[in-house]
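Chemist: Chains as they are written, first to last, in the numbering used here: chain A, 1 to 278; chain B, 1001 to 1278; chain C, 2001 to 2278.
I should point out that these hints are in silico values taken from the structure, not numbers from a laboratory. By construction, the Cβ of each residue, glycine as well, lies at the ideal position given by its N, Cα and C atoms. Watch out, some of these pointers could steer you wrong.
[Claimed, not checked] Here's a subset of chain B near chain C, in silico, CB distances under 8 Å, partners left out:
1) T1028
2) A1100
3) R1190
4) G1251
5) A1255
[Claimed, not checked] Chain A side only, calculated, beta carbon under 8 Å to chain C, not exhaustive:
6) A29
7) A33
8) K254
[As the list claims (entries may be wrong)] Simulated restraints, written as ranges between beta carbons of each label pair:
9) A:R263 x C:R2274: 27 to 35 Å
10) C:G2114 x A:R274: 56 to 64 Å
11) C:R2014 x A:R116: 53 to 61 Å
12) C:E2155 x A:Q244: 36 to 44 Å
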Amino acid sequence: MAAFDLQGIIGNTRKQKPLVHSITNYVTAGDCANILLACGASPIMADDRSEVEEITALAGGLVLNIGTLNSRTVESMLLSGRKANALGIPVVLDPVGAGATALRTEAVGRLLSGVRFSLIRGNISEILAVHGEAGNTGGVDASWKDRVTEENLEEVLGTLQDLAGRTGAVLAVTGALDLVVDGERALLCRNGHPQMGGITGMGCMLSAVAGAFAAANPERVLEAAAAAVVAMGICGEQAQILVQAAGGGTGTMKAHLLDRMCRMEDETVEEEGRYEIL
Amino acid sequence: MAAFDLQGIIGNTRKQKPLVHSITNYVTAGDCANILLACGASPIMADDRSEVEEITALAGGLVLNIGTLNSRTVESMLLSGRKANALGIPVVLDPVGAGATALRTEAVGRLLSGVRFSLIRGNISEILAVHGEAGNTGGVDASWKDRVTEENLEEVLGTLQDLAGRTGAVLAVTGALDLVVDGERALLCRNGHPQMGGITGMGCMLSAVAGAFAAANPERVLEAAAAAVVAMGICGEQAQILVQAAGGGTGTMKAHLLDRMCRMEDETVEEEGRYEIL
Amino acid sequence: MAAFDLQGIIGNTRKQKPLVHSITNYVTAGDCANILLACGASPIMADDRSEVEEITALAGGLVLNIGTLNSRTVESMLLSGRKANALGIPVVLDPVGAGATALRTEAVGRLLSGVRFSLIRGNISEILAVHGEAGNTGGVDASWKDRVTEENLEEVLGTLQDLAGRTGAVLAVTGALDLVVDGERALLCRNGHPQMGGITGMGCMLSAVAGAFAAANPERVLEAAAAAVVAMGICGEQAQILVQAAGGGTGTMKAHLLDRMCRMEDETVEEEGRYEIL
Chain A
1 MAAFDLQGII
11 GNTRKQKPLV
21 HSITNYVTAG
31 DCANILLACG
41 ASPIMADDRS
51 EVEEITALAG
61 GLVLNIGTLN
71 SRTVESMLLS
81 GRKANALGIP
91 VVLDPVGAGA
101 TALRTEAVGR
111 LLSGVRFSLI
121 RGNISEILAV
131 HGEAGNTGGV
141 DASWKDRVTE
151 ENLEEVLGTL
161 QDLAGRTGAV
171 LAVTGALDLV
181 VDGERALLCR
191 NGHPQMGGIT
201 GMGCMLSAVA
211 GAFAAANPER
221 VLEAAAAAVV
231 AMGICGEQAQ
241 ILVQAAGGGT
251 GTMKAHLLDR
261 MCRMEDETVE
271 EEGRYEIL
Chain B
1001 MAAFDLQGII
1011 GNTRKQKPLV
1021 HSITNYVTAG
1031 DCANILLACG
1041 ASPIMADDRS
1051 EVEEITALAG
1061 GLVLNIGTLN
1071 SRTVESMLLS
1081 GRKANALGIP
1091 VVLDPVGAGA
1101 TALRTEAVGR
1111 LLSGVRFSLI
1121 RGNISEILAV
1131 HGEAGNTGGV
1141 DASWKDRVTE
1151 ENLEEVLGTL
1161 QDLAGRTGAV
1171 LAVTGALDLV
1181 VDGERALLCR
1191 NGHPQMGGIT
1201 GMGCMLSAVA
1211 GAFAAANPER
1221 VLEAAAAAVV
1231 AMGICGEQAQ
1241 ILVQAAGGGT
1251 GTMKAHLLDR
1261 MCRMEDETVE
1271 EEGRYEIL
Chain C
2001 MAAFDLQGII
2011 GNTRKQKPLV
2021 HSITNYVTAG
2031 DCANILLACG
2041 ASPIMADDRS
2051 EVEEITALAG
2061 GLVLNIGTLN
2071 SRTVESMLLS
2081 GRKANALGIP
2091 VVLDPVGAGA
2101 TALRTEAVGR
2111 LLSGVRFSLI
2121 RGNISEILAV
2131 HGEAGNTGGV
2141 DASWKDRVTE
2151 ENLEEVLGTL
2161 QDLAGRTGAV
2171 LAVTGALDLV
2181 VDGERALLCR
2191 NGHPQMGGIT
2201 GMGCMLSAVA
2211 GAFAAANPER
2221 VLEAAAAAVV
2231 AMGICGEQAQ
2241 ILVQAAGGGT
2251 GTMKAHLLDR
2261 MCRMEDETVE
2271 EEGRYEIL
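Same shape as in the complex, but just chain A:
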């Protein structure tokens, strides 16, 4: 498949400091704002329908996260998404828990009908559910059945590229193995550490970072998403080493992970990334 590289994505973000508008859940909103700052962007969070279009118009990127969606915020997401499309700025969807309830399925359906997404980031169950495939969502974690493994990698990759080709959105599927694909290209990332799953909102934070990188690199959304996935994985590994040395746990790990993102550069991705362009 076509070659590509991740260089310059983070440097551009630190240089441009894009304003990223997030309509997101209240569980991890603060963490998302902090990691947006850590990766070089500037966060703005507003969800009232009477102002979201104006907020989006100030921003360089938009991230829609349905973690604690309600009927009020779904309307706001639609308004912001359409505005972002009209302005040509990247829009990221984090379909938290897609497939778990009728509300989420319907909300995702309306969002996909009304908004062109640049990137959809979720676990494999969520990504399949978004595309109407039989996923197996049991809450917000990927179900065992739908886990991406070395064994089913080829099959999953084919399915994802087919889906990406249909919608035109880059897909980032994260788990033990991470895949980032568009209709023609794909990257497999092996960075990360299982203990990251013990911190709430790792996925939300990754979607935020991907939104920041895409906002600063709107012509390179696949590379932006891939750089975000690799960078988060590296941050998790580095934080885990610090935590292990100190006999700590997920409380200090979250703080260290944010610290590591503050120091993340294109060179770090180059040197510590363990990824393959497929």
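Put chains B and C on the given structure of chain A with help from the hints.
Modeler: Then chains B and C, alone, in the frame of chain A:
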């Protein structure tokens, strides 16, 4: 009174990894999600009335916290609570600020009428207010007048067991001294440290942990609540020692406390617990 | 101009432990609650219109923050603000993103018409927007054009004192340089560190602390706001030193900053404050 022990509660939780549905306040939602993960459970937070029953149906336990309740979320709590009752999964109530306002008094009344709770966890003012006793709620902290002390312990215990016998719910009253009672049995816990009161959401986090332990041990709710109370107290003590050594404060203490919960086992409760079965 | 000093502000707060009611955004609510505890106050957060007046009536101070306002919470803010005025307790406004959208401009207008504020705390763009002056709000950070510098200090000071004289509210304008003014007096503070801008909610937290200090010192709102500004700046400097030594970033810095506030005393402000009474 009847004997009981706390063994196996935490081990069961780590083995079963129960999904816990929380409808909770936005001030401490992230901390509650993180401590649920730390104690071996998996969090899901959703509060829109159109999906809460489906979410509850996926879960092994439900925690209702009225910290920032509004008319929209009270309805969601009622729907989820009834669903949990129908499915036979444990339901925990954290009546934050009960007695402080008419809205809270009325909401608690509706919840108690509509839902059978397995456990109610609060400070003594809140627990008295929940039962229509003259508490003295001044905000979210227990008022001086209603504090449990060595002197009034007998009297408080009698009152609580009477209340527990009436509602059928286990009661966990936390403060300088912690009491966990049902109509027949009682545990007094002396673990914990005053500096825990300097961290917002310690009570919310405790209710979440108790919900996780109860979800994994639905036939042993008294023991689950007691293990949660003792475990949180131990975490606070351990975190405070680390903070004291480093000259820190509540910012680092919260991270250390979460770290300690990641490493909490039944053996830790056995070895470091300072409790009496009354 | 008239002389004043900051002594006693923090000691009074730690002695009185005022209950502070905040109607605030869900992004930084937990951080605001924690820093209220760290500075000696007790937080309560409630935003439903049917209970906010009762909550305010329990409190010694009120903080209104429009960070994630919506039509529901604006009404609650108005009710609480009027109640606080009737009771004579201090009210702080944090006009996050004022000037960025019609909703915010209109909300601020309604709040200023309906409520007498003791203190308004924001960046220079927000403060100008609040007063109908042509600010240049681009999201939640002060725009370059409106930055307070050594060069434009005189001019900005004149404008602010004119505005403060008109509304009767103390104004606290924070950025690289901080100014706290009423119609007659002014303080310039040089404490702080640029890395504080990498932590979300520093402004929200400062407004909360100012609300706590004002609640405990209602006759000395200018001094309370100034002590809060200086204290936060010192906390940021102290935290940054710890972070720099450890090779950390904003994740650990936030925890250290909270730790430092736990240990902040009037003497710290006296010894480490770098401020001038103008």
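Chemist: Now tell me, hint by hint, if it's right for this structure.
Modeler: Hint check:
no. : hint                         : in the structure
1   : T1028                        : 6 Å, holds
2   : A1100                        : 7 Å, holds
3   : R1190                        : 23 Å, violated
4   : G1251                        : 3 Å, holds
5   : A1255                        : 6 Å, holds
6   : A29                          : 4 Å, holds
7   : A33                          : 4 Å, holds
8   : K254                         : 7 Å, holds
9   : A:R263 x C:R2274: 27 to 35 Å : 28 Å, holds
10  : C:G2114 x A:R274: 56 to 64 Å : 58 Å, holds
11  : C:R2014 x A:R116: 53 to 61 Å : 55 Å, holds
12  : C:E2155 x A:Q244: 36 to 44 Å : 54 Å, violated
Hint compliance for this structure: hints 3 and 12 are not met, and every other hint is.
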